[in-house]
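In case you want the letters, here they are:
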Amino acid sequence: MTGLNRTETVDRLRVRLGDIEMKNPVMPASGCFGYGREYAQFYDLSKLGGIAVKATTVEERLGNPTPRVAETPSGMLNSIGLQNPGMDRVINEELPWLKQFDIPVFVNIAGTTVEDYVEVAEKISQRPEVAALELNISCPNVKCGGISFGTDPNVAADLTREVKRVSRVPVFVKLSPNVTDIISIAEKVEQAGADGLSMINTLLGMRIDLKTRRPVLANQSGGLSGPAIKPVAIRMIWEVSHSVKIPIIGMGGIQSPEDVVEFFLAGASAVAIGTANFVNPYICPEVINGLPRLLDKLGVNEISELTGKGLMR
Amino acid sequence: MTGLNRTETVDRLRVRLGDIEMKNPVMPASGCFGYGREYAQFYDLSKLGGIAVKATTVEERLGNPTPRVAETPSGMLNSIGLQNPGMDRVINEELPWLKQFDIPVFVNIAGTTVEDYVEVAEKISQRPEVAALELNISCPNVKCGGISFGTDPNVAADLTREVKRVSRVPVFVKLSPNVTDIISIAEKVEQAGADGLSMINTLLGMRIDLKTRRPVLANQSGGLSGPAIKPVAIRMIWEVSHSVKIPIIGMGGIQSPEDVVEFFLAGASAVAIGTANFVNPYICPEVINGLPRLLDKLGVNEISELTGKGLMR
Amino acid sequence: MSDHTQEKRAAKTEEMTVISNTPVADGVFRMQLEGTLAENMVWPGQFVHVQCGPGTVPLLRRPISICDVDDQGRHFTMIYRVEGEGTRLLSQKIPGDTVNVLGPLGHGFPIEHRQAGEHVVLVGGGVGVPPLYYLARKLVQKGVNVTSIIGFASEAQVFLDKELSQLGPVYVTTMDGSAGSKGLVTDVLTSGEMDSWDALYSCGPLPMLKALQQLYESGTQEAYISVEQRMGCGVGACLACVCQPSPDAKEKTGRSYFKICSDGPVFDLREVVL
Amino acid sequence: MSDHTQEKRAAKTEEMTVISNTPVADGVFRMQLEGTLAENMVWPGQFVHVQCGPGTVPLLRRPISICDVDDQGRHFTMIYRVEGEGTRLLSQKIPGDTVNVLGPLGHGFPIEHRQAGEHVVLVGGGVGVPPLYYLARKLVQKGVNVTSIIGFASEAQVFLDKELSQLGPVYVTTMDGSAGSKGLVTDVLTSGEMDSWDALYSCGPLPMLKALQQLYESGTQEAYISVEQRMGCGVGACLACVCQPSPDAKEKTGRSYFKICSDGPVFDLREVVL
Ligand SMILES: Cc1cc2nc3c(=O)[nH]c(=O)nc-3n(C[C@H](O)[C@H](O)[C@H](O)COP(=O)(O)OP(=O)(O)OC[C@H]3O[C@@H](n4cnc5c(N)ncnc54)[C@H](O)[C@@H]3O)c2cc1C
Ligand SMILES: Cc1cc2nc3c(=O)[nH]c(=O)nc-3n(C[C@H](O)[C@H](O)[C@H](O)COP(=O)(O)OP(=O)(O)OC[C@H]3O[C@@H](n4cnc5c(N)ncnc54)[C@H](O)[C@@H]3O)c2cc1C
Ligand SMILES: Cc1cc2nc3c(=O)[nH]c(=O)nc-3n(C[C@H](O)[C@H](O)[C@H](O)COP(=O)(O)O)c2cc1C
Ligand SMILES: Cc1cc2nc3c(=O)[nH]c(=O)nc-3n(C[C@H](O)[C@H](O)[C@H](O)COP(=O)(O)O)c2cc1C
Ligand code: FES
Ligand code: FES
Numbered sequence: 009m010t011g012l013n014r015t016e017t018v019d020r021l022r023v024r025l026g027d028i029e030m031k032n033p034v035m036p037a038s039g040c041f042g043y044g045r046e047y048a049q050f051y052d053l054s055k056l057g058g059i060a061v062k063a064t065t066v067e068e069r070l071g072n073p074t075p076r077v078a079e080t081p082s083g084m085l086n087s088i089g090l091q092n093p094g095m096d097r098v099i100n101e102e103l104p105w106l107k108q109f110d111i112p113v114f115v116n117i118a119g120t121t122v123e124d125y126v127e128v129a130e131k132i133s134q135r136p137e138v139a140a141l142e143l144n145i146s147c148p149n150v151k152c153g154g155i156s157f158g159t160d161p162n163v164a165a166d167l168t169r170e171v172k173r174v175s176r177v178p179v180f181v182k183l184s185p186n187v188t189d190i191i192s193i194a195e196k197v198e199q200a201g202a203d204g205l206s207m208i209n210t211l212l213g214m215r216i217d218l219k220t221r222r223p224v225l226a227n228q229s230g231g232l233s234g235p236a237i238k239p240v241a242i243r244m245i246w247e248v249s250h251s252v253k254i255p256i257i258g259m260g261g262i263q264s265p266e267d268v269v270e271f272f273l274a275g276a277s278a279v280a281i282g283t284a285n286f287v288n289p290y291i292c293p294e295v296i297n298g299l300p301r302l303l304d305k306l307g308v309n310e311i312s313e314l315t316g317k318g319l320m321r
Numbered sequence: 009m010t011g012l013n014r015t016e017t018v019d020r021l022r023v024r025l026g027d028i029e030m031k032n033p034v035m036p037a038s039g040c041f042g043y044g045r046e047y048a049q050f051y052d053l054s055k056l057g058g059i060a061v062k063a064t065t066v067e068e069r070l071g072n073p074t075p076r077v078a079e080t081p082s083g084m085l086n087s088i089g090l091q092n093p094g095m096d097r098v099i100n101e102e103l104p105w106l107k108q109f110d111i112p113v114f115v116n117i118a119g120t121t122v123e124d125y126v127e128v129a130e131k132i133s134q135r136p137e138v139a140a141l142e143l144n145i146s147c148p149n150v151k152c153g154g155i156s157f158g159t160d161p162n163v164a165a166d167l168t169r170e171v172k173r174v175s176r177v178p179v180f181v182k183l184s185p186n187v188t189d190i191i192s193i194a195e196k197v198e199q200a201g202a203d204g205l206s207m208i209n210t211l212l213g214m215r216i217d218l219k220t221r222r223p224v225l226a227n228q229s230g231g232l233s234g235p236a237i238k239p240v241a242i243r244m245i246w247e248v249s250h251s252v253k254i255p256i257i258g259m260g261g262i263q264s265p266e267d268v269v270e271f272f273l274a275g276a277s278a279v280a281i282g283t284a285n286f287v288n289p290y291i292c293p294e295v296i297n298g299l300p301r302l303l304d305k306l307g308v309n310e311i312s313e314l315t316g317k318g319l320m321r
Numbered sequence: 437m438s439d440h441t442q443e444k445r446a447a448k449t450e451e452m453t454v455i456s457n458t459p460v461a462d463g464v465f466r467m468q469l470e471g472t473l474a475e476n477m478v479w480p481g482q483f484v485h486v487q488c489g490p491g492t493v494p495l496l497r498r499p500i501s502i503c504d505v506d507d508q509g510r511h512f513t514m515i516y517r518v519e520g521e522g523t524r525l526l527s528q529k530i531p532g533d534t535v536n537v538l539g540p541l542g543h544g545f546p547i548e549h550r551q552a553g554e555h556v557v558l559v560g561g562g563v564g565v566p567p568l569y570y571l572a573r574k575l576v577q578k579g580v581n582v583t584s585i586i587g588f589a590s591e592a593q594v595f596l597d598k599e600l601s602q603l604g605p606v607y608v609t610t611m612d613g614s615a616g617s618k619g620l621v622t623d624v625l626t627s628g629e630m631d632s633w634d635a636l637y638s639c640g641p642l643p644m645l646k647a648l649q650q651l652y653e654s655g656t657q658e659a660y661i662s663v664e665q666r667m668g669c670g671v672g673a674c675l676a677c678v679c680q681p682s683p684d685a686k687e688k689t690g691r692s693y694f695k696i697c698s699d700g701p702v703f704d705l706r707e708v709v710l
Numbered sequence: 437m438s439d440h441t442q443e444k445r446a447a448k449t450e451e452m453t454v455i456s457n458t459p460v461a462d463g464v465f466r467m468q469l470e471g472t473l474a475e476n477m478v479w480p481g482q483f484v485h486v487q488c489g490p491g492t493v494p495l496l497r498r499p500i501s502i503c504d505v506d507d508q509g510r511h512f513t514m515i516y517r518v519e520g521e522g523t524r525l526l527s528q529k530i531p532g533d534t535v536n537v538l539g540p541l542g543h544g545f546p547i548e549h550r551q552a553g554e555h556v557v558l559v560g561g562g563v564g565v566p567p568l569y570y571l572a573r574k575l576v577q578k579g580v581n582v583t584s585i586i587g588f589a590s591e592a593q594v595f596l597d598k599e600l601s602q603l604g605p606v607y608v609t610t611m612d613g614s615a616g617s618k619g620l621v622t623d624v625l626t627s628g629e630m631d632s633w634d635a636l637y638s639c640g641p642l643p644m645l646k647a648l649q650q651l652y653e654s655g656t657q658e659a660y661i662s663v664e665q666r667m668g669c670g671v672g673a674c675l676a677c678v679c680q681p682s683p684d685a686k687e688k689t690g691r692s693y694f695k696i697c698s699d700g701p702v703f704d705l706r707e708v709v710l
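Residue numbers (the numbering used here), protein chains in the order written: chain A, 9 to 321; chain B, 9 to 321; chain C, 437 to 710; chain D, 437 to 710.
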């Protein structure tokens, strides 16, 4: 390839999420890539369009008991919980290391009270390495009887507003799919100032072992991810993208360049790949490398042209 | 096998759904088996534990435009709509034919207003061939802006109450999984007099064709069924069975005797098989025939012992 | 949905054994499968519903037409184009592998009323050509004269032309003129070079069937078309594959819809709205 | 998580070719795989993460221990029991098929500090025995004397006993006494018939590891165990496979958890809470 062609290839994949520029639309999804160190042994992380790191909380969390994963048809369940070393260690040990790759870092933040979220958001968003916060609203809200922040439009909007107030970087709200009406949650969150949306988080699922008669996961139920949930993600992104103006990072079962384009047509402006990293540690660069050829096949010059270009029937 | 053994085998699979006796726990799911005629060419339908027939409405319905099905990883989408010949022809042409098999017939009923449902329920439930009604509450409620009856606990409960008022047979309410809180819907519906629950109906999903850039389904989105949704079904049945006392017919991706037992442990008292009929027209009798051996392996005498015997971890 | 009665033998499932599976054109494969099911495949125009992989991906079966059956009814042939995941998996099968087949399904081409000496035109496009081959063989066995008009995108896609030419005259058309005459199958029909015919049987892509309808709908010549639609069950139970009857057919049959898998795939040309 | 440094070569993925795949005991298979990855498998006790099928069912890889590597580093062996869908699919592979392997992964048994003439006991149970074979070979190469104690359910499940006996004395135990002595591997350890040893290395089911911990935790003898847990990524990114450090280890390492896939699977016996 000549230098000229190479530049063109790079440009074709460039996307913008509001003020955030990404040289390609593919990043690993939160919780599926640690803080990047493990996958750095397989390839140069600067190839990525961005990186979403594991949910970060005020204090260290040890997560749920094991077993924490189970296999389902074309999917997996996880009940990792919010295990992470706490924001101070993330700030001191992980973020500086990530700086070398010069890619936008999305820090997924979590908590059990609004105050928790605000504290993490304030502190993390001051770090120069951080491009955006990803607000994980699927967490149980201890002040509301443990019901997830993400299931009530007003609760989700209030949380968004408070976090926006303190954040120095754009805030993407990561929506839970386990809701009756994702559109109204998205709309409220947009009104509350969210700069973008990430969707979808995992569906709630469960498996029971026939021999022990107990749930396979020690936590009983867990989050369903992987190709099995892709049609649900596509439907929700399609619906939401027709109702909000803020950009959407799409995720849920992506494992090929074709999947990426399907998410773009549904309304995504960038994508995240989760579970597929476990199947193929090279999946992110492979998908990125495969995109230009697919765009050629589809007669499309720049991938950003495809966002929301799915047509009604 | 001696006659004696055969009798024992039959008894081992017997289940009760309230007053309804089934000689085994397996029936085809509504919409996946027509009114039985097509599958009668493959085997004797009297082998089934029961049969759930396609949604029936007051008038004939022609359903949605085609294409109506799409493939997804370990699942499928359908947007058949409520196509059916209307209650009068069901009563005159289909139910009398089903009588010969002497198995409980569950008539799935649907409508767009409470009055619709009541009219179908009243008329259908008078037929001696009908063992129970299965109330499909996933339909859009035209009087409430098209939002499905199944997404609001009170709307679902009101509908249940009205249908119960006129029905001469037990009423099973078929719950939609596309809700934030399925427990409260189940509880309300139980309080409103439901004799049982069927769960789960399909998850809402979508696929987009990369070439045409349009949804694969003419109706844009459709219902996701098949193995992909099994973990969601197990989770919901587990949750609901810990909150209600009425029996549950479990469904969602069942394709083996092992799946049946998993649904029982989660809380089901019988099961329905949908999508798997399309893959293997003999799936229902094959699963039924495979159950005794599995029970042996698990050291269980009667399958009914397993309902709700999943243990907490 | 034709009035003509025809022998329709029982459908069942069978793990059939692959005898051969070889490319016959660009991206198009011919697979021969052995098993007892073949002896039930007596009616040309029927199809089989094929499980392409062992697990749940792909989940659904794929409908493929019966292209030929040997005279002893021991094996049958299907010809398929690699479109997506299902047909891709099929193309990887090697002799000795098994494929789970459900069939024979549907109503085929009505031919029991055909008389020796009649002239029949078969009009096929792309992977719509395969069922016409078995049809041609059956017609020739009855002493019917058969002319085939088969269209493809370009030369690399052409197949079954030689086999059909052993049964009667064959006109090949390609979109780019790289083989046969340039143009569409309907160009041949309207060119005037065709002898007059007693009946037309067709299978091919929707635009081709629509063009045929436009040509002949208002006339009275006997004509049948085989229609495609995405399918679920393939046996008439799920209502995935419905199509609309023409006003006439609606009145005549009292039917508000047809199921392509079980009422079709073959319909009278004037019977369905495409 | 041992203090000992050991050569750990890079992990990557490779489509490796099946050289052989044959049963070695009831429901247990030995598979030999060829590819360049083998030359990185220099540390006994590491594992590979194996894709068992081509599609998305099963979705996740399966962790399997490295049982042996040929001296040229051209192929390696794994021995696995058919448990569920993944291992069932593996068992159907035939020579010439490929298997996508990710590895070598994890921290193996620390042996670089072992001295010639030392006496080491290897304690294995069921499909925990395989990694001990490669370990035994490496130890014997260093001049270390190796005694193996391996336990199985019954005679039909016994494997690797002959291979291990070429490297040193082997005690076989079975639960039902159908082969070797009746009882558990720990019975042999506590029977008094064992010579004194300098270190113990073990891999096997959780109850076995727990019994070993109970026997030796309070002592000072060098002992290592290889621990199993359900895994996601296998490389330390997803936190599926965590286990808790013992209070001592927590203090010493400052770690609040270990990842079995990347900190282990081999740990100091006194380092983890089982
Ligand atoms: C009655 C009938 C007979 C057919 N006979 C032949 C034949 O002889 N040779 C041949 O090559 N093709 C034939 N087809 C088309 C063939 O069924 C599709 O090409 C095939 O299903 C594509 O599957 P896939 O997994 O490769 O593609 P994908 O696009 O991945 O399939 C996705 C889904 O769409 C369905 N689908 C895609 N295209 C079609 C289509 N054109 N018609 C129906 N369903 C479709 C598939 O069955 C599957 O459910 C026939 C179709 C019908 C309805
Ligand atoms: C480090 C390590 C090394 C291992 N080495 C061997 C070996 O050399 N030989 C051997 O036979 N087995 C070994 N195992 C166990 C082996 O991984 C499981 O038997 C296998 O994953 C079962 O997969 P399945 O699809 O057949 O069973 P299923 O029960 O269908 O698997 C379902 C899911 O559970 C996981 N799982 C089930 N059992 C286990 C288990 N015991 N440990 C971890 N995950 C499990 C699977 O990986 C899969 O994700 C090892 C496990 C670990 C963690
Ligand atoms: C093991 C695992 C851990 C995850 N942890 C988080 C998390 O900490 N925060 C979060 O917002 N999402 C988390 N997710 C959800 C993913 O980021 C993603 O939304 C989801 O898995 C769907 O994408 P996929 O199908 O590509 O995996 C996790 C998913 C998995 C499988
Ligand atoms: C083609 C199709 C048609 C269906 N039609 C109906 C229907 O009319 N009424 C209803 O309550 N459920 C209907 N369902 C849902 C099924 O009864 C069942 O709840 C669902 O498919 C989950 O089971 P499965 O995964 O075994 O298919 C339909 C499902 C399919 C696939
Ligand atoms: S495919 Fe099911 S009715 Fe035709
Ligand atoms: S399996 Fe992912 S961290 Fe160990």
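In case anyone wonders, no lab produced these hints; they're calculated from the structure.
Every value quoted in this text rests on a predicted model; they were computed, and no experiment measured them.
A hint or two may mislead.
Calculated lysine-lysine pairs in the DSSO-like style (CA-CA distance at most 30 angstroms, straight line) [as the list claims (entries may be wrong)]: (1) A:K305 / C:K618; (2) A:K253 / B:K107; (3) A:K305 / C:K444; (4) C:K618 / B:K219.
A quick look at each hint next to the structure:
The suggested pairing of K305 (chain A) with K618 (chain C) holds, with an alpha-carbon distance near 26 angstroms, which does not exceed 30 angstroms. Of the pairs offered as hints, the one joining K253 (chain A) and K107 (chain B) is violated, with about 56 angstroms between alpha carbons and a cut-off of 30 angstroms exceeded. For the given pair, K305 (chain A) sits about 44 angstroms from K444 (chain C) by alpha-carbon distance, which is inconsistent with the 30 angstroms threshold. The straight-line distance between the Cα atoms of K618 (chain C) and K219 (chain B) is roughly 26 angstroms, inside the 30 angstroms bound, and the hint therefore holds.
In terms of the numbered hints stated before, the structure departs from hints 2 and 3, listed from lowest to highest.
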